[in-house]
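Participant: Sequence:
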Amino acid sequence: MDKNSLKGHYGIAKGASCKIGVRFLELYFIWRISKEPAHGYSLHEEMQKWELAPPLKYSTVYMILSRLEKEKYIEVKKREISGRVRKVYAVTAKGKEVLQRAKAMKIKGRLREFLKMLLG
Numbered sequence: 001m002d003k004n005s006l007k008g009h010y011g012i013a014k015g016a017s018c019k020i021g022v023r024f025l026e027l028y029f030i031w032r033i034s035k036e037p038a039h040g041y042s043l044h045e046e047m048q049k050w051e052l053a054p055p056l057k058y059s060t061v062y063m064i065l066s067r068l069e070k071e072k073y074i075e076v077k078k079r080e081i082s083g084r085v086r087k088v089y090a091v092t093a094k095g096k097e098v099l100q101r102a103k104a105m106k107i108k109g110r111l112r113e114f115l116k117m118l119l120g
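Numbered according to my numbering, the sequence shown spans residues 1 to 120.
Just so you know, these hints were derived from the structure itself, not from any lab. Because the structure is a prediction, the values reported are computed rather than measured. No residue lacks a Cβ here, since even glycine has one placed at the ideal position from N, Cα and C. Some clues are possibly wrong.
What the hints assert, rightly or not - Calculated lysine to aspartate or glutamate pairs in the EDC-like style (CA-CA distance at most 16 Å, straight line):
hint: 1; residue 1: 94; residue 2: 26
hint: 2; residue 1: 96; residue 2: 26
hint: 3; residue 1: 35; residue 2: 46
Claimed, not checked - Restraint-style ranges between C-beta atoms, simulated for each label pair:
hint: 4; residue 1: 63; residue 2: 105; range: 22 to 30 Å
hint: 5; residue 1: 99; residue 2: 52; range: 16 to 24 Å
hint: 6; residue 1: 112; residue 2: 83; range: 41 to 49 Å
hint: 7; residue 1: 82; residue 2: 109; range: 40 to 48 Å
hint: 8; residue 1: 100; residue 2: 77; range: 20 to 28 Å
Turn these sequences into a full structure, and let the hints guide you.
Facilitator: Structure (structure tokens):
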């Protein structure tokens, strides 16, 4: 499958780079889970607050989580929450390494300018 055939499938707006969008979400999920273990539903609800167009689908969130688990960046722990057993995702040592490498990368040029504008 080429990247153009995947646009929309991952909840990425048409015309956006699907690969970059998915990689950003993967890195965001690893970072977010490193701050506090979370389950897929709560991650989806957080993403809904971003008001993405089109909205991020549940299937997209779980597809990304599944891939991160398969690659050993995150792991699943089952916990009882409100009387229900839920899959709670936690970051692994490999996931922490990825975050350290990402942090060490230099963000340059227009991307740096754009992020500064967003963050104020």
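Participant: Decide, hint by hint, whether the structure agrees.
Facilitator: How the hints compare with the structure:
| no. | hint | verdict |
| --- | --- | --- |
| 1 | 94 with 26 | holds, 13 Å |
| 2 | 96 with 26 | holds, 13 Å |
| 3 | 35 with 46 | holds, 14 Å |
| 4 | 63 with 105: 22 to 30 Å | holds, 25 Å |
| 5 | 99 with 52: 16 to 24 Å | holds, 22 Å |
| 6 | 112 with 83: 41 to 49 Å | holds, 47 Å |
| 7 | 82 with 109: 40 to 48 Å | holds, 46 Å |
| 8 | 100 with 77: 20 to 28 Å | holds, 23 Å |
Hint check: no violations occur; every hint is consistent with the structure.
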